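Listed below are the residues making up each chain.
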Amino acid sequence: MLVLFETPAGFALFKVLDEGKLDKVEDLWKEFTTSDSARKVVELKAFNKFENTSDALSAATLIIDSKPSKGLRKFLQKHCEGETLAVADSKLGNAIKEKLKIDCLHNSAVMELMRGLRNQLTELITGLGAQDLGPMSLGLSHSLSRYKLKFSPEKVDTMIIQAIGLLDDLDKELNTYAMRVREWYGWHFPELTKIVTDNIQYAKVVKMMGNRVNAVNLDFSEILSDEELETQLKEAAVISMGTEVSDLDLSNIRELCDQVLALSEYRAQLYDYLRSRMNTIAPNLTALVGELVGARLIAHGGSLLNLAKQPGSTIQILGAEKALFRALKTKHSTPKYGLIYHASLIGKASQKHKGKISRSLAAKTALAIRYDALGDGEDNSIGTESRLKLETRLQVLEGRELGKSAGSTKGKPKIEVYEKDRKKGTGALTTPAKTYNPAADLVLTEETPKKSELASKKRKHNEVETEPLAEPAEEAIQEDGDQEDRKKKKKKNKESKEAPAGEGDGEKKKKKKSKEVEEEPVVAAASEVKKKKKKSDADGEDVAMQTEESGKKEKKKKKKAC
Amino acid sequence: MESVVNPKAYPLADAQLTMGILDIIQQAANYKQLKKGANEATKTLNRGISEFVVMAADTEPLEILLHLPLLAEDKNVPYVFVPSKQALGRACGVTRPVIACSVTSNEGSQLKLQIQGLKDSIEKLLI
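Protein chains in written order, with full-length UniProt numbering: chain W, 1 to 562; chain V, 1 to 127.
No lab work stands behind these hints: they were computed from the structure.
Keep in mind it's a predicted model, so treat the numbers as computed, not measured.
Beta carbons: idealized from backbone N, C-alpha and C, even for Gly.
It is possible that some hints are incorrect.
What the hints assert, rightly or not - Between beta-carbon pairs, the in silico distance windows are: (1) W/N279 x V/E60: 20 to 28 Å; (2) W/K15 x V/D120: 25 to 33 Å; (3) W/E385 x V/D120: 37 to 45 Å; (4) W/Q201 x V/E60: 27 to 35 Å; (5) W/K329 x V/K124: 40 to 48 Å; (6) V/D14 x W/K91: 12 to 20 Å; (7) W/N306 x V/K124: 47 to 55 Å; (8) V/D14 x W/E51: 40 to 48 Å; (9) V/D14 x W/S66: 15 to 23 Å; (10) V/G117 x W/T53: 33 to 41 Å; (11) W/N279 x V/Q110: 49 to 57 Å.
This is chain V alone, in the form it adopts within the complex (with noise of 0.2 Å):
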């Protein structure tokens, strides 16, 4: 964890929202509600079939995915800086780290209400 955090990087989530995010990230995963990476979370607001992005603040340089807030401000979809891109990869299933990721939208799903739930802790931060 670097000790200073680039302050481009907001709105970041404290300790215990980073854990609610990473854990609805891993069963996104698992649901195959999730595309990992910032050119298919690039994709996924384009298409409009994003639920929120999820981005690392410790990537280094941070500009390469600095658009992803600028499209979901224009798509309307919430966004969120976590601490670690390394903890954001484990959580996505990779073993490399993961700068940005992209929940998916799917009316069926189960995670339907979690998701609904983290939307809205995601934009009280903009609060």
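Isolated chain W (complex conformation) (with noise of 0.2 Å):
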């Protein structure tokens, strides 16, 4: 087996004289200790010494990229035929498998191997000593490192990330100093502030002007468009309340305008570069969320290529750490969007629906930032596609909303038949009131009685009236009726107020009774059902009670019967 070796001065390729040690990998370590015994285990078969500097740092660019050079391939050719060449990168391992058919082994055997060799080089390869290699070594990480810092294909968004920043620190900038022309010369014309309310026509009016009695000559009809501001402004000028200025003054602050106007070209100079940069370089970001948006997530993610690494809820709330973790801090909710609030397409959305087309948007840019990043192809088709579905997307929501308000209107009779069924409702709760009717019918039939009593006093008085023009026949009964209820009632009395007193007067109102009928047979067969029902009062007082109920029934159905 074979062992490529990368050294700053050149490729070796050592022979490995005891495959057997291989194997205990633990203990291979052992072997290097010492340069003889090193030696046992391997040996120097070829080296391939780099020419120069130049062709180090060539090869060298080329292994990073795990891709052999041309020097390598010959030299493993040469001398490589039907072994097993053993490798520090599996994927230049792979990339010599595919291209010169030698079969390469990786793996921790391997890894230990590379130690030893590494620890013993100077011993193994002859005419390598430790004060050549040295600054040798230093040499080539010098010249690689100039080569990535000029030829880093990753670096090239720092321009982008520097053009944004001067951007925004510009747009301070020219604020300040027009804020400053306003102030200083407003102490000589302060109504001119109002006349003229855009920064650049200020500055250029005042440039153009010098001391304000010089207004009335001048024509401001390159500068203010509209002739009523030109004919305010002179007017103006005529009465202005400001203080006198020299003319040292007026150079100062004609300076000052010159610096603010300069500042406001170089601003459109490098907002128009920024917009050519971020098309080159980030043409899906660009159409998805526009120049300065895409400039400004790009600055504060460090690259594309580390935005390109975030995922769609990272790129959606960048610019908001703040509220997200004083969010988090005091549990509430969470922001909805940090930098791409500025974008157009959340411009345009409803308060209502801002947060959902956000969280779309940002998905769509991690998309577009991932292609752009890293894809070869300018095109922007991946951004123009996206920015189409979320218009669409914003549309239906838009729409949606109309549908709602729609079938709220629906909704109202439905909320009336509701109600229409809770006043039917109501109506069923009435119904029990309805058949609470046989209650009052039940008092009602309790009533009753008492008319029946009334009637029958007054049936009473009838009889009595009617007592001296009946038949002597019919007198008789009548006269004993009466006699027997009254009987029947006093018994009744004294049964109530002492038991053994009731049951006494009742033998003697029976012995009565029977006299009675000795002497008058036609009430026999009455008088004789009335003793039968005295006999069973007399058994028991429950059973008497029971009996005066039925007595009571008894004397009822007899005044019906009448």
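Two independent chains are provided; combine them into the complex using the hints.
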């Protein structure tokens, strides 16, 4: 087996003399403690020396990208026929295998072997001393770093980061200078501030006019397109309440105006540059969110590649980290947008749908950034298609809002129907009240016996009145009836008061009744029935009470019969 | 299946390894050890809880998930491409195609041995 080892001086090819040692990976380091034991394990077979530092640099850069250089390929073809090659880089091994058909090996034993070789490098390679290796290594590393700084493709977006930073600084500076011009010249001509509101126009007017007394004679049509403003300006100049200024003051104010105008021109130029660079480096991102928002995202992410490694949810809240961590600490709702709030799509959306559009836009932006960072093409089809989809979604959301409002109008009759159902329910509640009427009926049935009693009393009076007119037989019957009724009442009263006394009275009454029976045979049957009742009464109080009740019923029946 | 596979989709699993990968992904989905989608896979890599990352080679355009190999290299996590995003979606238990997913770590999981074996198989593709 052969081992490919890269050194600053060139490529070394070692032959493994004792491959059995490789099986014991844990003990392999012992073999490389001394140069003599190391020579027993491996020996130098071939060495491909770099001719100069540029050759070393080109070979090293290709090795970093896991590609074999032309010299390395020739070197390996020459010495690696039918051998297995151990390499330090698995990707390089795959590349060598594809191009040269040489079997390559990369595992932990090979890595341990590489460490041993590095430890004994100067002893194993004759003619390569430690004194020579140091400066060679240092020179190569410097060349490599310089190469990276010059030609690293990832560094192209630093121009965008610097440009957007400068653009924001320029905006602040320009605003400060313009405010200073207004305040400074305001001492001399304070009315001008309200007449001319634009900063650039104000600076141009001041530069042209100088002292306000010159305003009447000058033509401001090139600066102020509105004639009314020019007329107002000239009238105000005549009656201005400002102080007088000297020529020295005016010259300084003019120089400041020159600064303002120069800065505004440079800002416009820088914006054009930024737009062209953004369209070149990140066309899809620019198509989706615009140049300024895209550039700010790249600047905040650190680089386009760093931004490509972020998920969509992070891109959504880039620029709102302070609000995010405050929300997380206090357990409030987290922010919905960061830098992308200023994208035009979110500006179009209504307040209700800004959050949804923000989330959708962040997801599509993440895809666009990844394509811009990792893809080779410069087309912006992904950005334009995503933007169309988002605009369509926004219209759908806004339209559904109208649909909901229409639905609410439809819902009103349903609400009315529901109220009607409630009214029906109240109607149903009155039905149990109707069922309450039978209870009222019960109350009426209780009142009827009183009426019947009153009727019975009236009947008694009628009987008393009819006595003299009645026939003799009827008279006798009636008289007997009355007496019997009176006796019954007395008996009842006595029974209610004292049981034994009642019983005694009953016996006496029985005797009387027996006499009556003897006297009047016509009433015998009735008296017999009465006697039976009395006997039953005498048996017991409870039974008497029951019979009293039954008696009452019988009385009622008799009265009804009458 | 596309006749021509994007050369950037490397390392690409062969048919047998693809079946093993999809089987493990299905089991991981059942054990709630799976994150579906490129954004969620990115988050697992950033948090360092990913065991390995699987991506679909027939993604169009493929660049929208090529940031995952970069992150996986930084975090020393194995990654592999499978031929079909439709099959990957089915294995994840989703009705839509899935272009990227990540199997997450769980110390007490029953899948640990199978995941370890699969990681070794994926890493062998890079040699």
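Verification of the hints:
1. For the hinted restraint 20 to 28 Å between W/N279 and V/E60, the CB-CB distance of approximately 23 Å keeps it satisfied.
2. Range check, W/K15 to V/D120: about 30 Å between beta-carbon atoms, so the 25 to 33 Å window is met.
3. Here the CB-CB span from W/E385 to V/D120 is close to 41 Å, well matched to the stated 37 to 45 Å.
4. In this structure, W/Q201 and V/E60 break the distance hint of 27 to 35 Å, their C-beta atoms being roughly 52 Å apart.
5. One distance hint, 40 to 48 Å for the beta-carbon pair W/K329 and V/K124, holds here, with the actual separation near 46 Å.
6. A C-beta distance of roughly 19 Å is found between V/D14 and W/K91, which places it inside the suggested range of 12 to 20 Å.
7. At roughly 31 Å, the beta-carbon separation of W/N306 and V/K124 lies outside the given 47 to 55 Å, and the hint is violated.
8. For the pair V/D14 and W/E51, the beta carbons lie near 43 Å from each other, so the given range of 40 to 48 Å is met.
9. Checked against the hint of 15 to 23 Å, the C-beta distance between V/D14 and W/S66 comes to roughly 22 Å, which is consistent with it.
10. Checked against the given bound of 33 to 41 Å, the beta carbons of V/G117 and W/T53, roughly 47 Å apart, lie outside it.
11. One distance hint, 49 to 57 Å for the beta-carbon pair W/N279 and V/Q110, holds here, with the actual separation near 53 Å.
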